[in-house]
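Protein chains in written order, with our numbering: chain A, 6 to 403; chain B, 6 to 403.
For the record, the hints were derived by calculation from the structure and aren't laboratory data.
Take the hints with a grain of salt, since some may be wrong.
Said to hold, decoys possible - Straight-line alpha carbon distances no greater than 25 angstroms define the calculated PhoX-like cross-link-like pairs of lysine-lysine that follow:
{"hint": "1", "chain 1": "A", "residue 1": "LYS37", "chain 2": "B", "residue 2": "LYS255"}
{"hint": "2", "chain 1": "B", "residue 1": "LYS255", "chain 2": "B", "residue 2": "LYS194"}
{"hint": "3", "chain 1": "A", "residue 1": "LYS52", "chain 2": "B", "residue 2": "LYS330"}
As the list claims (entries may be wrong) - Which bits of chain A does chain B cover? Going by a derived footprint, with three or more residues having C-beta under 8 angstroms, they are:
{"hint": "4", "segment": "101-107"}
{"hint": "5", "segment": "112-119"}
{"hint": "6", "segment": "211-224"}
{"hint": "7", "segment": "246-253"}
{"hint": "8", "segment": "272-282"}
Glycine is no exception: its CB is placed at the ideal position from the N, C-alpha and C atoms.
Protein chains: 2
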Amino acid sequence: MLTISQRGQEMPASPIRKLVPYAEAAKARGTKVYHLNIGQPDIETPKMVLDAVRNSDFKVLEYSHSAGNESYRRKLVNYYASVGIHVNHQQIIITTGGSEAIQFGFLACLDAGDELIIPEPFYANYNGFAVAAGVTVVPITSTIETGFALPPIADFEAKITPRTKAIVICNPNNPTGYLYSKEEMEQLKEIVLKHNLYLFSDEAYREFCYEGTQTSAMHLTGIDDHVIIMDTISKRYSACGGRIGAFVCKNQKVLDAVMKFAQARLSPPSFAQIAGEAAIDLPANYFDTTKAEYKSRRDLIVKRLNAMDGVFCPNPGGAFYAMAKLPIDDADVFCQWLLESYDYEGATVMLAPATGFYGTPGLGKKEVRLAYVLNLNDIDKAMDCLEHALKAYSKLIN
Amino acid sequence: MLTISQRGQEMPASPIRKLVPYAEAAKARGTKVYHLNIGQPDIETPKMVLDAVRNSDFKVLEYSHSAGNESYRRKLVNYYASVGIHVNHQQIIITTGGSEAIQFGFLACLDAGDELIIPEPFYANYNGFAVAAGVTVVPITSTIETGFALPPIADFEAKITPRTKAIVICNPNNPTGYLYSKEEMEQLKEIVLKHNLYLFSDEAYREFCYEGTQTSAMHLTGIDDHVIIMDTISKRYSACGGRIGAFVCKNQKVLDAVMKFAQARLSPPSFAQIAGEAAIDLPANYFDTTKAEYKSRRDLIVKRLNAMDGVFCPNPGGAFYAMAKLPIDDADVFCQWLLESYDYEGATVMLAPATGFYGTPGLGKKEVRLAYVLNLNDIDKAMDCLEHALKAYSKLIN
């Protein structure tokens, strides 16, 4: 039979990208669209990072080592040491974006039918990679009322079965912006050790912390064999299109298995490895500037949201996302309506409905995720638009 | 339990790369190694292709569309038309190398436990991607005596079960260099239609045909819904490190499913998409030069091999590989011995043992694959070395 596979059918469409056709139609009508829906930073990629590629002088665009260029991995050792993560270059495998690091981890550590616990709301593509790998995602609900803090350990215990193999944590979190504390990370360590689980730690937003600093899963002691860091240069250096990430791990058996998957796909992209390597030499204060910019945006967007009638937005400690509870009936309907039927002074706002970030059906229907990847002026205008839109929408549904 | 997944254990190590440590040791001893083991062309990447990236002037290295830049896909429509493949830009999804096109095809069309028929010897990484997807590869043996022609259709019929979902064909073939004829492709069409199978067609070496021209799976009429082309710029433009390929298909349901997997990994690499797009504008005679160069190399390597005592090398019609039967007991042992224990005038040769390209255990033990990716002078020296090595090895084993 000429059919689509079961996993091809089950594979979820991207909740972030599914509204794109409505946005395109709005633009075609001449409506300006403020994109707060996707984590594509507007921050310029550092010139020296792009120049490293532009000034390269090789003659053959060759495959690199399947683990990535050794020179890059050796420099990454220094980068990781600078954030308190102590690994050698053989414990780093360069991946095609953070996406591939996630895939490698799932494939090497989990079999079809295994269970993976993830606090929800979570980065929707974890679910996509889990479907591709035949793995079942078991969500544990965190709530907007607590600012999306780590759910009680009892909630994890209640969901652990003999098929549970791993927990995924994203810190600081996408989509909530929540920055897990050292105490929360220690709680995860206890449960990982008690039940002999892997701890997959997505640390894409490591540098973007506005209230304290990040506790990496590799700062935890005594669980070296359990921890896998899934990393990426995408957000760190505003280099999303490079598709360069890293799989970082101290468990030799896991590294050996991942290398076989890495060899099958030959190598990560060569051009962007040059960019990634150059980024290590950015001045130490590079993140100060971008962090200050993101912090101002966060402060503005949170203030503006909480000033709107019936809106609640907890103050996110990191990343560049905020989750807000809106006085609406259905976030999917509202976000589509914003693009299809609304404009304020010729503009509208594109948001990500939170439903796509929850594993439990029915949750997140009044919530949206906002990526503060626009400059302060645009954020202000987008918030003006949203404020007026909520009033107009309220009249429609009441 | 903290264990490696079953698929992580079953995943084969790359047969092409597993001898690398022995080659590194040989080089460390001061021995020159002629690399005929891997399809990394020495041909320079066209300057205008690299310059397109080096002269780019964007400020933010952004995600592209998950299907790849529309401008690139629209230009690819013209490229494909020039080789008799008529598709529109929405039937092309840019992938991260041909590798990802293979993965997408397997994930969208096949479920765990499904069977995939592939004439052996075959590109070893098909097996890797099959293991990752939980799919079973069913090999059908082609032999060096026939020059690796398509096995009789009866051999396919004998292996088809209710779980058979697809056939993979690579034309011209890696590792054998065999160029399937129009008649052979028509035979595949018949069996694909009769049993309602997908035909995955790897056409990475399309332009490199030295005896006639390639018959693409998309030249076959009446099987549009069945055909999936897995393509790449790696060999075509000597741009292996770009990691840019394409998934080309006219079956809308398959395209829709693949797009969901494509969205999950966000986008293909941005830098190399610029390179791929520039390559479409290469002068029409670009391939004449590279093809003439490869043809001279093929002629030389085949002549030299067949002139050696007890060696048989069929004349490959395409790609840049030759398979040779050697007067040896075990290709894996021989290839390792070449690197570990042999040199001729300070040099040795690295070959790929054919065992890694067969799915049936025990086959290919007297065969090796040679990639003619070195210049004529180096090929000549490598063949001198191999000729002497075979004599020395013969004394060891007899």
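Which hints, by number, does the structure contradict? When the structure is compared with the hints, numbers 1, 3 and 6 turn out to be violated.
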